[in-house]
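In order, the protein sequences belong to chains Z and X.
The first sequence: position 177 = 177 (my numbering), numbered continuously.
The second sequence: position 221 = 481 (my numbering), numbered continuously.
A portion of the hints provided could be inaccurate.
Claimed, not checked - Okay, the calculated beta carbon distance ranges per label pair:
hint, chain 1, residue 1, chain 2, residue 2, range
1, X, K652, Z, G108, 27 to 35 Å
2, Z, T182, X, K652, 34 to 42 Å
3, X, A631, Z, D85, 22 to 30 Å
4, Z, K107, X, M647, 38 to 46 Å
5, X, S641, Z, E194, 44 to 52 Å
6, Z, D98, X, E303, 55 to 63 Å
7, X, K637, Z, S184, 28 to 36 Å
8, Z, K77, X, K637, 20 to 28 Å
9, X, E450, Z, S76, 34 to 42 Å
10, X, M647, Z, K77, 26 to 34 Å
11, Z, D98, X, E442, 45 to 53 Å
12, Z, S42, X, D457, 47 to 55 Å
13, Z, A73, X, K652, 35 to 43 Å
Said to hold, decoys possible - A few chain X residues that don't get close to chain Z, going by computed Cβ distances all over 10 Å:
hint, residue
14, I320
15, C423
16, T629
17, S641
Everything labelled a hint here was simulated from the structure, so no lab data went into it.
Computed from a predicted model, the values in this text were never measured in an experiment.
No residue lacks a Cβ here, since even glycine has one placed at the ideal position from N, Cα and C.
Given next are the chains, with one letter for each unit.
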Amino acid sequence: MFEARLQQGGLLKKILEAVRELVSDGLWDCDGSAITLQGMDSSHVALVEMYLRAEAFDHYRCDRNVSLGMNHAHLSKILKCANNDDIITLKAADQDPDTCSLILESKGGEKTSDFVVNLVRIDADQLGIPETEYSAHIKMSAGEFQRICRDLSQFGDAVQISCSKQEVKFSSTGETGAANITLSHSATVDKEEESVTVDLKEPVDLTFALRFLNLFSKASPISEMVTLSLSQDAPLVVEYKIGDSGHIRYFLAPKIQEDE
Amino acid sequence: MMLRSKGNQQLDEEQQEETGVETGRGGPKESGEQSQWVMIAPENALKNSSEESPENQATIITLRHPKSDEGAQFLLCPDSKSIHEILSFQDTKGSWFIDNSVQQDGRLLMATVVDPLFLLLPYLLDDKNSKKHMFMQLDQIITDSDFPQCNRIVQILDHSTTCQVCDSKGNEDFKVYRYNEEKTLSWLKEKVERTADYLSTSDVSVSSGQCSTYVKSSKATEASRGQFSTYVKSSKATEASRGESGLIQPVICVYHQVSAVPMSKVVKEQRPLEVSLVIPSNTSVSSEDSVKYAAGLISDYLHPDLSKKLFDSLGIEIENTKGKRSSDKQKVKEEPPEKKVKRSSDEPDEDYSKVISAPAKTVPVVKMTAAQKKLAKVDKSGMKSLMTFFKKK
Numbered sequence: 001m002f003e004a005r006l007q008q009g010g011l012l013k014k015i016l017e018a019v020r021e022l023v024s025d026g027l028w029d030c031d032g033s034a035i036t037l038q039g040m041d042s043s044h045v046a047l048v049e050m051y052l053r054a055e056a057f058d059h060y061r062c063d064r065n066v067s068l069g070m071n072h073a074h075l076s077k078i079l080k081c082a083n084n085d086d087i088i089t090l091k092a093a094d095q096d097p098d099t100c101s102l103i104l105e106s107k108g109g110e111k112t113s114d115f116v117v118n119l120v121r122i123d124a125d126q127l128g129i130p131e132t133e134y135s136a137h138i139k140m141s142a143g144e145f146q147r148i149c150r151d152l153s154q155f156g157d158a159v160q161i162s163c164s165k166q167e168v169k170f171s172s173t174g175e176t177g178a179a180n181i182t183l184s185h186s187a188t189v190d191k192e193e194e195s196v197t198v199d200l201k202e203p204v205d206l207t208f209a210l211r212f213l214n215l216f217s218k219a220s221p222i223s224e225m226v227t228l229s230l231s232q233d234a235p236l237v238v239e240y241k242i243g244d245s246g247h248i249r250y251f252l253a254p255k256i257q258e259d260e
Numbered sequence: 261m262m263l264r265s266k267g268n269q270q271l272d273e274e275q276q277e278e279t280g281v282e283t284g285r286g287g288p289k290e291s292g293e294q295s296q297w298v299m300i301a302p303e304n305a306l307k308n309s310s311e312e313s314p315e316n317q318a319t320i321i322t323l324r325h326p327k328s329d330e331g332a333q334f335l336l337c338p339d340s341k342s343i344h345e346i347l348s349f350q351d352t353k354g355s356w357f358i359d360n361s362v363q364q365d366g367r368l369l370m371a372t373v374v375d376p377l378f379l380l381l382p383y384l385l386d387d388k389n390s391k392k393h394m395f396m397q398l399d400q401i402i403t404d405s406d407f408p409q410c411n412r413i414v415q416i417l418d419h420s421t422t423c424q425v426c427d428s429k430g431n432e433d434f435k436v437y438r439y440n441e442e443k444t445l446s447w448l449k450e451k452v453e454r455t456a457d458y459l460s461t462s463d464v465s466v467s468s469g470q471c472s473t474y475v476k477s478s479k480a481t482e483a484s485r486g487q488f489s490t491y492v493k494s495s496k497a498t499e500a501s502r503g504e505s506g507l508i509q510p511v512i513c514v515y516h517q518v519s520a521v522p523m524s525k526v527v528k529e530q531r532p533l534e535v536s537l538v539i540p541s542n543t544s545v546s547s548e549d550s551v552k553y554a555a556g557l558i559s560d561y562l563h564p565d566l567s568k569k570l571f572d573s574l575g576i577e578i579e580n581t582k583g584k585r586s587s588d589k590q591k592v593k594e595e596p597p598e599k600k601v602k603r604s605s606d607e608p609d610e611d612y613s614k615v616i617s618a619p620a621k622t623v624p625v626v627k628m629t630a631a632q633k634k635l636a637k638v639d640k641s642g643m644k645s646l647m648t649f650f651k652k653k
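All chains, please: the whole structure from these sequences, using the hints.
Spelled out as structure tokens, the structure:
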């Protein structure tokens with residue numbers, strides 16, 4: 001028996017919105033301590049990993065590990081029926097369930113809707129992502145990051161992120177010209193959400209496809225802050241914390257110019 | 261097992277219910293040392309054949325097989341104006357006792373009636389024939405340097421039969437013909453319909469997953485009673501000269517009266533036939549399946565191009581047989597070994613379920629969201645797959 005009751009149903013909606021466009025079908029792995037979801041886009045250059053600890057739920061029971069192959073489009077239809085303050089309960093049988101039930105309860109308890117979603121078979125390889133040291137960590141407002149990505153995508157398809165000393169430069173060039181946005185390290189004590197922290201071990205200079213970053217920034221409602229972790233010639237990590245009980249991490253392969 | 265002449269064969273094209281068993285001496289005389297074969301043939305095909313003039317004797321001739329374009333042997337019976345295809349079926353090991361002799365060649369030959377028009381069609385359709393669009397006499401149409409005996413087909417074709425696939429002109433003494441595709445297709449359609457009608461009332465299982473043949477089973481467990489109907493679906497031609505074999509008439513049912521033979525033994529004897537269980541006759545069979553199955557059977561006597569036209573006119577989709585076949589081979593590999601033993605060494609060369617589309621499994625179409633479509637368009641040059649950065653778990 002798998003059962004998880006989430007007081008803040010809106011969180012699940014936000015999580016789904018953050019992953020569903022990148023990954024159309026996802027394997028939600030539930031074990032005794034957490035729900036994890038990992039999936040790649042169709043071209044395998046981007047990956048999203050969602051990790052939600054049992055503590056996020058006010059009731060969590062998972063007798064056996066189950067993997068729920070969710071079609072995110074279907075799931076999204078159900079969650080569209082939910083208000084942000086609805087209580088959402090997920091239920092599934094223990095062994096190879098074919099379906100997963102979702103129960104939506106309004107906050108006052110006067111309305112209950114329940115849904116059954118047919119699970120899909122997913123044969124995707126799960127990648128093991130090692131904990132690695134990154135050369136640079138940039139922590140900034142999620143909204144700001146979203147804005148930068150959106151603005152720059154008007155000028156070009158790719159963004160060059162270069163980190164040096166105490167500042168980070170986002171630049172894009174295209175047919176109309178070039179655009180550069182520079183953020184300086186500014187740890188404001190009063191308003192954390194406006195501060196930018198650049199934690200740099202080595203200077204990095206990498207180029208990424210903006211369209212993916214734009215998609216990643218759909219997770220902005222989940223968290224006020226976003227952390228970008230970069231290393232030369234390694235995938236970029238864009239991390240949004242889910243409160244204290246989890247995170248969504250996006251990985252994106254850099255564009256590497258091959259010298260010929 | 262006793263082979264006894266039981267006679268009484270119905271020669272109706274689509275309804276063969278019982279086949280007489282003949283142990284014939286002197287089958288195909290022309291080939292080498294062997295002088296006797298065991299052949300199941302309709303009784304009236306061989307009747308009177310001995311005393312008549314050689315011209316009227318039932319003989320085995322090599323003709324162009326309408327589907328494969330290669331040589332195949334046919335039994336021509338000028339008496340009954342019929343032509344029979346000869347199918348050979350070989351057990352992996354086995355010989356025949358014939359009177360007091362043992363015959364090493366353990367093949368069982370079966371002669372079944374085939375519509376001579378099938379044999380005429382390749383000549384009518386021949387692309388090399390530049391005079392195709394002209395009215396010609398039959399013996400002018402049927403000329404073949406590879407198979408000189410083909411002119412004997414003319415003997416068994418009469419005017420009304422030929423007109424089912426041809427336009428004709430001329431008077432009693434001098435008739436000329438020209439191929440007519442419309443007529444041919446409607447004639448074939450008629451054949452398919454009749455076969456389908458028969459199939460839907462018969463015990464033959466035509467469901468789409470069908471790729472083997474069947475022993476009637478509901479009773480088969482009671483071995484001592486053991487009456488089996490074996491549907492001989494495909495006996496791969498063992499003679500090189502025969503090329504691809506096919507069934508002459510859609511269905512051959514051989515009833516072996518086997519009394520008090522243990523089930524296991526019987527099954528063993530039938531090994532190279534693909535044997536499995538017949539779905540009991542009450543299983544509902546959709547008419548669509550029957551039609552597909554029937555079309556598959558008929559198309560075994562047609563040039564692939566013509567089969568295609570027939571399928572088109574019947575509204576049957578043709579699947580890519582190549583892919584299916586290879587996947588089927590894989591399936592064979594995965595099968596447990598004891599099943600492999602049951603197979604003849606050759607892959608069955610006819611599997612109607614492959615040619616004709618099975619009701620397509622509903623493969624969920626992966627719908628891409630707008631965002632995903634946009635992502636697909638992103639210039640990913642220089643971006644390596646994440647698989648190169650992270651290892652699989």
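Now the hints, each set against the structure:
no.: 1; hint: K652/X x G108/Z: 27 to 35 Å; result: 47 Å, violated
no.: 2; hint: T182/Z x K652/X: 34 to 42 Å; result: 39 Å, holds
no.: 3; hint: A631/X x D85/Z: 22 to 30 Å; result: 27 Å, holds
no.: 4; hint: K107/Z x M647/X: 38 to 46 Å; result: 44 Å, holds
no.: 5; hint: S641/X x E194/Z: 44 to 52 Å; result: 36 Å, violated
no.: 6; hint: D98/Z x E303/X: 55 to 63 Å; result: 59 Å, holds
no.: 7; hint: K637/X x S184/Z: 28 to 36 Å; result: 35 Å, holds
no.: 8; hint: K77/Z x K637/X: 20 to 28 Å; result: 26 Å, holds
no.: 9; hint: E450/X x S76/Z: 34 to 42 Å; result: 54 Å, violated
no.: 10; hint: M647/X x K77/Z: 26 to 34 Å; result: 31 Å, holds
no.: 11; hint: D98/Z x E442/X: 45 to 53 Å; result: 51 Å, holds
no.: 12; hint: S42/Z x D457/X: 47 to 55 Å; result: 49 Å, holds
no.: 13; hint: A73/Z x K652/X: 35 to 43 Å; result: 27 Å, violated
no.: 14; hint: I320; result: 55 Å, holds
no.: 15; hint: C423; result: 57 Å, holds
no.: 16; hint: T629; result: 5 Å, violated
no.: 17; hint: S641; result: 7 Å, violated
Violated hints, listed in ascending order, are 1, 5, 9, 13, 16 and 17; each of the other numbered hints is respected by the structure.
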